[in-house]
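> Use the sequences and the hints to build the structure in full.
As given, the protein sequences belong to chains A and B, one line each in that order. My numbering numbers the first residue of the first sequence as 1 and each following residue consecutively. My numbering numbers the first residue of the second sequence as 1 and each following residue consecutively.
Honestly, the hints are just simulated from the structure, not real lab data. Mixed in with the good hints there might be a few duds.
Stated by the list, open to error - Just so you have them, the derived chain B footprint on chain A, three or more residues with Cβ under 8 angstroms: (1) 93-101; (2) 104-116; (3) 132-139; (4) 238-252; (5) 348-359; (6) 384-396; (7) 406-413.
Quantities reported herein were computed from a predicted structural model and do not represent experimental measurements. Even for Gly, the Cβ is constructed at its ideal location relative to N, Cα and C.
Protein chains: 2
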Amino acid sequence: MQIVINPPKKTWSSLCERPQVELEFLENSVRNILARVQRSGDEALREFTRQFDRAEVTNLQLTEKEIQEAIESIPKELKDAIAVAAVNIEVFHASQKQTLTPVETMPGVTCWRKAVPVQKVGIYIPGGSAPLFSTVLMLGIPARLAGCKEVILCTPPDSNGKINSAIIYAAQLTGIRKIFKVGGAQAIAAMAYGTESIPNVYKIFGPGNQYVTKAKQLVNQQGIAIDMPAGPSEVLVWADESANPAFVAADLLSQAEHGEDSQVMLVVNDEKLITTIQAEVDQQLSALPRKAIAEKSLQNSKIICIESSATAADFINEYAPEHLIINTKDADVLSDKIVNAGSVFIGNYSPEAIGDYASGTNHTLPTNGYAKASGGVSLESFIRYITFQKLTQSGLQALGPVVEKMAEAEQLTGHKQAVSIRLANLK
Amino acid sequence: MQIVINPPKKTWSSLCERPQVELEFLENSVRNILARVQRSGDEALREFTRQFDRAEVTNLQLTEKEIQEAIESIPKELKDAIAVAAVNIEVFHASQKQTLTPVETMPGVTCWRKAVPVQKVGIYIPGGSAPLFSTVLMLGIPARLAGCKEVILCTPPDSNGKINSAIIYAAQLTGIRKIFKVGGAQAIAAMAYGTESIPNVYKIFGPGNQYVTKAKQLVNQQGIAIDMPAGPSEVLVWADESANPAFVAADLLSQAEHGEDSQVMLVVNDEKLITTIQAEVDQQLSALPRKAIAEKSLQNSKIICIESSATAADFINEYAPEHLIINTKDADVLSDKIVNAGSVFIGNYSPEAIGDYASGTNHTLPTNGYAKASGGVSLESFIRYITFQKLTQSGLQALGPVVEKMAEAEQLTGHKQAVSIRLANLK
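What follows is the structure, given as structure tokens:
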């Protein structure tokens, strides 16, 4: 890990830089995949699955039998753990429901909002070594709470044409019955355009590799909504002498094991802490099964010592981490200074892993500084607010002349006329 | 206007198609503009302003004197009208503020959300014949209510290097003091990257021509948030025999005058209404200053007769109009069936023009079917929710084993370890 002591402000933007993820070179091959799925539907999906996943898939959709078998294969202790997590996620996301009351902005002019679920949503879950069934909960539960009419899930099969059982279990638990064996850019294409087997959706959620990310970007430009731009996962741990160095090291490593491109940052207020924490990192690293990955990602990582807590907060807001662990003695006070972050974990007993799985907060969060402009996935990600308005005759008589004057100043006579013709009729 | 009677469902998707806006051919020239502004800053802005707006601009930022002169030049009646609109917009958007309460998802596990304004936002206002000062209100007022720290505005100068006074007046009214004389893709580049004069921002709002739209798409891929994808404006009027045909015609024309690519749709429940409304359109059209534009846009427009109100609602939800006027005798009941629309206007006395300017609802709305996935601009567009969590020791002891089990099943040992090391310490 690179060590930087009290960096001057003019170096912050380079310290906050993430390694560039260059997706442009993928564009042609992803465009080709999208076009072929749009043209040939299921046939193209089967062909890409043969090519990329080395699997023969006849029925793209999981059968009821396959779902039942998966459910039965999950050990009871894991089912129990998932049940606890699911309840917490449900409780927290249900609390995000707003009460909406009509507003009479002036007498006779009533405006209101109606929360309406996105009717059709698609969830993408990557395959590979780590089966991210927790992401199924994080997306499936708010989709169900929002009341989305159709929720489908795509995930790539292994070379035997099978899907991980825990993913299937989590899906059925959240009420998702339409699960499709297809991954990569071709899965995004299927959900964007629809095929014979897979219905098209209006909004696509979920993480993925660079092909998936590029495909989401491209279909987004074609008018399909996406949850957020995806980048490698990140944590910034802000620690002082009150933090247990072993806990800090474990938190850094839990992020570092995600992938070689994971971002791990440590901000401390005292140089003396650096050696202790580094020693802990080295020791814990040696016991980690995903050691090779973590080692690589630690090479890009930084330890930054900033003595002033006000300056440190400024730096953290400039970095805008996806996850921020504040493990300091006055963590509650310091957390008030945070304006740019995805999710914040406070104190010695709130590791990121808790929020990744089970506390109730969502783990689909903005990376790569996008926390400056956007929050993570929430109940709101699955709904829209439609505005409504209704004027009485006297409401229009009061407000109409205002609109006539403004429309005239914008030289939009037709707009003015839509009011004038009604006012004349009311005279 | 094309007339279609009781269209079978299989024809709906083609009836709902908007004319394709092809932006790909612009990509190279917009990329070039972005790159030059990123490299040469203000110098590039001055050069593009010379080239595209035929204006020499030395100081890109409006001086206090220019602002004062603009304020003084606005007639009192227009100021009064703007003041009424501003209050209504403020009242409606202020009502969108949520009360956020921490949630103890299980004993010792507390999760909450904090609403934080996007710290730096940029507003783009197009130039040209119709000075859209109403859009300044629609974006500037929620930005101020949200508490955004820095709000800047870019708008192109005329060939004398001047900016429309009403735009300046509306900006200062909403508290925006940093106004810049720059338009087009170069303005988007300036707000995305920053220049010597213009600070970079985290999120860019506002309408614009196809160059502006393409530039917003491209900087969005680079991690700058944007309000929403922009397309030509649309209205769908749903009318029955209780609607005043003159009102319906005026509403259709008020949308048609926006631009040649505006989308105007009329859905009626009875063929007999078509002739009456068409006659009204023809008559009112002849008196419209922007007749040439409206005529062109009416050529792409459709009148659709659907007798069943349930089927009509299904069709409207498939079209997902930006603006929907329900001018029928049971408008309130029918409005309950609407799940895909930007903003809905109910009854004979609620023309779209009212919401465009002054009722309080926002007029920055999803076009081109994007209402299926997204709402219009609201207070939420200027804030993010950051999630927080804090566990007590006993909270971690209760939830920790759940996380250990799930992390193990996802084969993320480092995640498990971040919990285990704490639990061991608590024993």
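> Hints first: check each against the structure and report whether it holds.
Now for the hints, and whether the structure bears them out:
Interface restraint, the segment 93-101 of chain A with chain B: holds (4 residues with C-beta to C-beta distance below 8 angstroms; minimum three). Coverage of a stretch by a chain is defined here by at least three residues with a beta carbon nearer than 8 angstroms to that chain's beta carbons; for the segment 104-116 of chain A and chain B the count is 6, and the condition holds. For a cut-off of 8 angstroms, the count of residues in the segment 132-139 of chain A with a CB near a CB of chain B stands at 3, and the three-residue condition holds. For the segment 238-252 of chain A, the stated coverage by chain B holds: 5 residues have a C-beta nearer than 8 angstroms to a C-beta of that chain, and at least 3 were required.
Requiring three or more residues with a Cβ within less than 8 angstroms of a Cβ of chain B, the coverage given for the segment 348-359 of chain A holds, as 12 such residues are present. With 12 residues carrying a beta carbon less than 8 angstroms from a beta carbon of chain B, the segment 384-396 of chain A meets the three-residue requirement, and the given coverage holds. For a cut-off of 8 angstroms, the count of residues in the segment 406-413 of chain A with a CB near a CB of chain B stands at 7, and the three-residue condition holds.
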